[in-house]
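J.: Here are the chains, one letter per residue:
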Amino acid sequence: LAKTTQPISMDSYEGQEVNITCSHNNIATNDYITWYQQFPSQGPRFIIQGYKTKVTNEVASLFIPADRKSSTLSLPRVSLSDTAVYYCLVPMYNNNDMRFGAGTRLTVKP
Amino acid sequence: EAGVAQSPRYKIIEKRQSVAFWCNPISGHATLYWYQQILGQGPKLLIQFQNNGVVDDSQLPKDRFSAERLKGVDSTLKIQPAKLEDSAVYLCASIQAGGGDTQYFGPGTRLTVL
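Those sequence lines, one after another, are chains A and B.
Each residue of the first sequence is one higher than the one before, starting from 1 at the first, in this note's numbering.
Each residue of the second sequence is one higher than the one before, starting from 1001 at the first, in this note's numbering.
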């Protein structure tokens, strides 16, 4: 069963690039890696999903090495509004059954 | 497109009372999830429905929690009787049938048990 490990918290400053790495040593062959963002008093929101190499959208980039045992969420030029908790998820049994860990609490400072 | 709707947004009850939460997923989304999120923790899956059938309820405390999705659309989650440790935000999420695994979350219901 896939399980994820990510840092509990990170601090950054406005304008910097932030990289959050997640370990998923037991990821299965068909598993996708998905990242969510959660602001206080809101439900989690999908950010990005990938299977291998690199995926980029208007919000972030996701880097996945060849062995897929980890992934790195990259947020370019963060702002104060990027302060949130970021969750890395891989499936538990199938791609419709994913479990949230404790996430990484990112604090962006002015 | 309307998002996942939940009500109420907030609820305060005393221990041993009963409470019910309602969720209306995005139209056409066959899979519905209920999560419990305790302050400072990630969401914990309580139950997953596929249409009106239960796919996974292994983490649902069945002695006090129940959930149903009778017509395969909206769903209710009930706690009876509530305990202090049930204080949390209850999140509902849905995904489209065959649409991959991107979950769309509602705003949640914040429950306080006194």
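Keep in mind the hints are simulated off the structure, nothing from the lab.
Ideal placement from N, C-alpha and C gives every residue a C-beta, glycine not left out.
Watch out, some of these pointers could steer you wrong.
Said to hold, decoys possible - For each label pair, taking beta carbons as the anchor points, the in silico distance ranges come out as:
| hint | chain 1 | residue 1 | chain 2 | residue 2 | range |
| --- | --- | --- | --- | --- | --- |
| 1 | A | T72 | B | T1102 | 16 to 22 Å |
| 2 | A | N26 | B | K1044 | 32 to 38 Å |
| 3 | B | Q1080 | A | T29 | 17 to 23 Å |
| 4 | B | E1014 | A | P76 | 45 to 51 Å |
| 5 | A | T29 | B | N1051 | 34 to 40 Å |
| 6 | B | A1005 | A | N19 | 31 to 37 Å |
| 7 | B | G1028 | A | K69 | 34 to 40 Å |
Claimed, not checked - Some chain B residues close to chain A (C-beta under 8 Å, calculated; not the full set):
| hint | residue |
| --- | --- |
| 8 | A1020 |
| 9 | W1022 |
| 10 | Q1041 |
| 11 | G1042 |
| 12 | G1053 |
| 13 | V1054 |
To be verified - Once the Cα atoms are required to be at most 30 Å apart in a straight line, the calculated BS3-like pairs of lysine-lysine come out as:
| hint | chain 1 | residue 1 | chain 2 | residue 2 |
| --- | --- | --- | --- | --- |
| 14 | A | K54 | A | K109 |
| 15 | B | K1083 | B | K1062 |
| 16 | B | K1044 | B | K1083 |
| 17 | B | K1044 | A | K69 |
| 18 | A | K52 | B | K1083 |
| 19 | B | K1015 | B | K1083 |
| 20 | B | K1044 | B | K1011 |
| 21 | A | K52 | A | K3 |
| 22 | A | K54 | B | K1062 |
| 23 | B | K1044 | B | K1062 |
| 24 | A | K3 | B | K1015 |
| 25 | A | K54 | A | K3 |
| 26 | A | K54 | B | K1078 |
| 27 | B | K1011 | B | K1083 |
| 28 | B | K1062 | B | K1015 |
J.: Now tell me, hint by hint, if it's right for this structure.
T.: Structure-based check of all given hints:
1. A:T72 - B:T1102: 16 to 22 Å: With a Cβ separation near 20 Å, T72 (chain A) and T1102 (chain B) satisfy 16 to 22 Å, so the hint holds.
2. A:N26 - B:K1044: 32 to 38 Å: violated (20 Å)
3. B:Q1080 - A:T29: 17 to 23 Å: violated (43 Å)
4. B:E1014 - A:P76: 45 to 51 Å: holds (48 Å)
5. A:T29 - B:N1051: 34 to 40 Å: violated (28 Å)
6. B:A1005 - A:N19: 31 to 37 Å: holds (35 Å)
7. B:G1028 - A:K69: 34 to 40 Å: 36 Å Cβ-Cβ, so the 34 to 40 Å window holds.
8. A1020: violated (19 Å)
9. W1022: Violated. Min distance 15 Å.
10. Q1041: holds (6 Å)
11. G1042: This interface hint holds because 4 Å falls under the 8 Å limit.
12. G1053: Hint on G1053 (chain B): violated, closest Cβ of chain A at ~13 Å, above 8 Å.
13. V1054: violated (13 Å)
14. A:K54 - A:K109: holds (28 Å)
15. B:K1083 - B:K1062: holds (14 Å)
16. B:K1044 - B:K1083: Holds, at about 17 Å.
17. B:K1044 - A:K69: holds (23 Å)
18. A:K52 - B:K1083: violated (44 Å)
19. B:K1015 - B:K1083: Status holds; Cα separation ~5 Å.
20. B:K1044 - B:K1011: holds (19 Å)
21. A:K52 - A:K3: holds (18 Å)
22. A:K54 - B:K1062: violated (42 Å)
23. B:K1044 - B:K1062: holds (15 Å)
24. A:K3 - B:K1015: violated (34 Å)
25. A:K54 - A:K3: OK: K54 (chain A) and K3 (chain A) at ~21 Å, within 30 Å.
26. A:K54 - B:K1078: violated (42 Å)
27. B:K1011 - B:K1083: This hinted pair holds, its Cα atoms lying about 14 Å apart.
28. B:K1062 - B:K1015: holds (17 Å)
Consistency with the previously given hints fails for numbers 2, 3, 5, 8, 9, 12, 13, 18, 22, 24, 26, ordered from lowest to highest.
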